[in-house]
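**Student:** Read off the chains here:
There are 2 protein chains.
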Amino acid sequence: MFLSEIIFNSSEPLYIQIEAQIIKMIEENMLVEGSKLPSTRELSEILNLSRNSCMHAYELLEDKGYIKVIKGKGAYVFSGFKNKEIGWVIDWDTKISNYGKKALELDIVKNEAVTEKNMISFKSIAPDEKLFNLEQIRRDFLNSISFEGEKIFNYGYAMGYKPLLDKLKEYVKNKGIDLLNKEVIVTNGFTEGFDITLSALTNEGDLVLCENPTHNTAIKLMKLHGLEIQGVDINEDGINLGELQEKLAKNKYKLIYLIPSYHNPTGTVMSADKRMEVYKLCKKYNLPIIEDGFNEELLYSSSHLASIAALSMEDNSVVYIGSFSKILFPGIRIGWIAADKKLINSLESIKRSRNIHSSVLDQAFLYEFLKSGDYGAYLKKARKHYREKYKFIMSLASRYLSSCKIYGEGGLHIFVKLFNIDARSLLDMVMRQGAIFMPGDIFYVDGKGTDTLRLGFSRLSLQDIEKGIKIIGKCIDELSVNHKIE
Amino acid sequence: MFLSEIIFNSSEPLYIQIEAQIIKMIEENMLVEGSKLPSTRELSEILNLSRNSCMHAYELLEDKGYIKVIKGKGAYVFSGFKNKEIGWVIDWDTKISNYGKKALELDIVKNEAVTEKNMISFKSIAPDEKLFNLEQIRRDFLNSISFEGEKIFNYGYAMGYKPLLDKLKEYVKNKGIDLLNKEVIVTNGFTEGFDITLSALTNEGDLVLCENPTHNTAIKLMKLHGLEIQGVDINEDGINLGELQEKLAKNKYKLIYLIPSYHNPTGTVMSADKRMEVYKLCKKYNLPIIEDGFNEELLYSSSHLASIAALSMEDNSVVYIGSFSKILFPGIRIGWIAADKKLINSLESIKRSRNIHSSVLDQAFLYEFLKSGDYGAYLKKARKHYREKYKFIMSLASRYLSSCKIYGEGGLHIFVKLFNIDARSLLDMVMRQGAIFMPGDIFYVDGKGTDTLRLGFSRLSLQDIEKGIKIIGKCIDELSVNHKIE
Chain A
1 MFLSEIIFNS
11 SEPLYIQIEA
21 QIIKMIEENM
31 LVEGSKLPST
41 RELSEILNLS
51 RNSCMHAYEL
61 LEDKGYIKVI
71 KGKGAYVFSG
81 FKNKEIGWVI
91 DWDTKISNYG
101 KKALELDIVK
111 NEAVTEKNMI
121 SFKSIAPDEK
131 LFNLEQIRRD
141 FLNSISFEGE
151 KIFNYGYAMG
161 YKPLLDKLKE
171 YVKNKGIDLL
181 NKEVIVTNGF
191 TEGFDITLSA
201 LTNEGDLVLC
211 ENPTHNTAIK
221 LMKLHGLEIQ
231 GVDINEDGIN
241 LGELQEKLAK
251 NKYKLIYLIP
261 SYHNPTGTVM
271 SADKRMEVYK
281 LCKKYNLPII
291 EDGFNEELLY
301 SSSHLASIAA
311 LSMEDNSVVY
321 IGSFSKILFP
331 GIRIGWIAAD
341 KKLINSLESI
351 KRSRNIHSSV
361 LDQAFLYEFL
371 KSGDYGAYLK
381 KARKHYREKY
391 KFIMSLASRY
401 LSSCKIYGEG
411 GLHIFVKLFN
421 IDARSLLDMV
431 MRQGAIFMPG
441 DIFYVDGKGT
451 DTLRLGFSRL
461 SLQDIEKGIK
471 IIGKCIDELS
481 VNHKIE
Chain B
1 MFLSEIIFNS
11 SEPLYIQIEA
21 QIIKMIEENM
31 LVEGSKLPST
41 RELSEILNLS
51 RNSCMHAYEL
61 LEDKGYIKVI
71 KGKGAYVFSG
81 FKNKEIGWVI
91 DWDTKISNYG
101 KKALELDIVK
111 NEAVTEKNMI
121 SFKSIAPDEK
131 LFNLEQIRRD
141 FLNSISFEGE
151 KIFNYGYAMG
161 YKPLLDKLKE
171 YVKNKGIDLL
181 NKEVIVTNGF
191 TEGFDITLSA
201 LTNEGDLVLC
211 ENPTHNTAIK
221 LMKLHGLEIQ
231 GVDINEDGIN
241 LGELQEKLAK
251 NKYKLIYLIP
261 SYHNPTGTVM
271 SADKRMEVYK
281 LCKKYNLPII
291 EDGFNEELLY
301 SSSHLASIAA
311 LSMEDNSVVY
321 IGSFSKILFP
331 GIRIGWIAAD
341 KKLINSLESI
351 KRSRNIHSSV
361 LDQAFLYEFL
371 KSGDYGAYLK
381 KARKHYREKY
391 KFIMSLASRY
401 LSSCKIYGEG
411 GLHIFVKLFN
421 IDARSLLDMV
431 MRQGAIFMPG
441 DIFYVDGKGT
451 DTLRLGFSRL
461 SLQDIEKGIK
471 IIGKCIDELS
481 VNHKIE
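Read top to bottom, the protein sequences are chains A and B. For the first sequence, UniProt numbering gives the first residue as 1, with consecutive numbering after it. For the second sequence, UniProt numbering gives the first residue as 1, with consecutive numbering after it.
Any given hint could be a false lead.
Repeated chains share a single entry, so a pair holds when one copy, or any two copies, can fit it.
As the list claims (entries may be wrong) - The calculated lysine to aspartate or glutamate pairs, modelled on EDC-like cross-linking and capped at a C-alpha distance of 20 Å, are:
(1) Lys110 / Glu204
(2) Lys223 / Glu204
(3) Lys280 / Asp178
(4) Lys341 / Glu62
(5) Lys417 / Asp441
(6) Lys175 / Glu28
(7) Lys448 / Glu135
(8) Lys102 / Glu204
(9) Lys24 / Asp273
(10) Lys102 / Asp206
(11) Lys448 / Glu204
(12) Lys101 / Glu183
(13) Lys101 / Glu204
(14) Lys274 / Asp91
(15) Lys280 / Asp477
(16) Lys73 / Glu150
(17) Lys417 / Glu27
(18) Lys110 / Glu5
(19) Lys102 / Asp446
(20) Lys95 / Glu314
(21) Lys448 / Glu388
(22) Lys342 / Asp374
(23) Lys280 / Asp441
(24) Lys405 / Glu228
(25) Lys250 / Asp446
Everything labelled a hint here was simulated from the structure, so no lab data went into it.
Using the sequences and the accompanying hints, generate a full structural model.
**Tutor:** Written out as structure tokens, the structure reads:
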């Protein structure tokens, strides 16, 4: 029953009849608490009556407390009336799926210690905002609007924004990756790239391999996909080949996930010949390689080490996942996958089913940023900026964390192995003194690494890095002393 | 082995030793095809040698065809050399999961007829780009940069960009939805909102209910989640209550998915009292309601019909999914879910696991657009624009499609039921004459609807609407005649 359907009689004043009808609708919950009534002008048009009758009716309704007129906004149902049928409370705990519960349990943001104000945080490996050049950004954005106009605000394509895709292919080829029979798809950062890759390749219960420790988001996703994860230890030059060989000989895996450059969390770089050895081993067992290009762009030295995807040349065996969100702007969620055409075809449909496509605005902007040359300039600045911080934290670590083993050849973080000290006890102590870091155990697939920690330094000033490392060093010394006394 | 690790002897010229080392690295695939060498300047710094020796070495390498020097870009490995170990071809068809295959099968974009150039397309229900005001957009974007600065380019929050979230809560409250013990989360459009809701609430094999026909993306997602879908017929005023009651009495469902306003594809609006009846029935069976707010904003008349979420008042039983991508800018992938706090807590963790968060750039821009009042002006313009087209297509339909039953009270499309004509045969014929539409069967959960079609008109000019409807009408008449002759 709509307001427009009121049938008027001739015995009562019109405003009384309007009022009665609205009260009836409110009491029967057809017009519910909080809903907006048409304006008196609109109502008079709908009912083909004078506006005065409508205004009179609204006044009465407000007097009786059925509606509330908010100046400049309109009239709202606000009767305090509660339909007795209402009062249904769902116990959502009983409704949430196992997947939903697991996502909560594995959510590090919700389960790890929170950075308090003024704390020196070594938790983050996000880019330093100081590197962003707002003037460039403004210009690139305006260019993208001028260039594409309204189009960038309407539907795009699951594969990605065409000009960006072309640019990405050029970019990928410059990394030495052969795109013969391969395709590139745009994703919402590495996270979505890895998630849809797992969807496309794995079924619940499948066995998968990775480095141990490894990127905690990757562990979370593999667990959420119900996969059984096995880890291979890593040395200073990357994965332990002997252990890898042994595992491959014993079990059948669905895929292997690897981070060859500036490995997260250890910061190690897999050596060139080890890359080739790993490739040969995977080939022997026909095991697809998912390569995480994490921070590959942040090479600090001039030793140009090719990715596994590059050394696979025309082979179709490597799924390379790259991201601009790690080195450029995380707020712009753009990553990409380069892989065999057939696989990308399936990934495209999965991507479309998840969220249709990535933000065209982000993609058009990123395209301009790459095209204008601002990206090259940014990378150069970023490398210099982070290299300075890296060298600084390494020099401090050798001085103040001399009892620990330090891993990391660059990137945005270093990895620390303690001796006979529990990293979470250290964390408690360090937090009381105003600093915080990421305990290493979250990067392990098997509960190990309780004596390790990751120190992200990308967003910290040199002063804070120094202050923070001193705090951590002091706490380690204290814990070592206590340990000896015990 | 890095370039920096060359050990020089004193018996040979340095440039010969450099050359030999690089050739060795290329032949052993440590420097692979396409990878970039350091510049001669860089190399001379790494090796602490004269730049001349390095330049000489590169010249020799280029002469022998091991590298290629591209002017202004650098030196690349380009030897034509192929490592014999390479040559590994994965048959991805055997590697792609059932989910990956299902996503391909259910991908309408890949499996339905494609719109050719110059065709009049009734397939799309995307917004008309002519409504976008680039000047407003430019201003709102620049404001969002001025207001937030670098922050909008760094990591955001899984729940959403705070100022936008606050604005959304206000917006939701203005729709009459009570947020007591509820929360709002930002998603990448409706699609992601529905996908993560299914992840949070369902397990494979669960039984779920929806209107039949219903939004084809929703059907796809329910199928991809491995759910068993049952549909309830809809009448002109919405879902068939008798059938709903019967089904609820017989089976135990996990949830019901409903589109009460401008239902996709039928365009019907569920009446106010039917909304209440549905609500009471679901309450009786403790069945969570997933309400799709699809195009609710596009109310063409002044009959303010509250959403089911609004009439549930303080209850926590409705999960309301809204989207700006349908009426505003689809290129900006922003939707939202308003639901019970506990459920949103799980959705937040799922969202984070999928893609960390939605584009902050999109969110900051949308916030400015809402704040500036541009949204209100846009809605007003959009309503008028689409209402005109709606009225026009309805008048044409009553004239040229008089043998059909027409559904649709507004929105961006109408729905047509043919009599004794197969919609796909009609589609073939219509396409040959330069128009295309969406066959209705894709909206049904049970293979029905082969005699229906959806006509989206949002992006067509009045001339094209008229031309297209005439083509469809003529084809229907021809098919009817053939039918009678048979």
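**Student:** Against which earlier hints does the structure fall short, listed by number upward?
**Tutor:** 1, 4, 7, 11, 14, 15, 16, 17, 18, 21, 22, 23, 24
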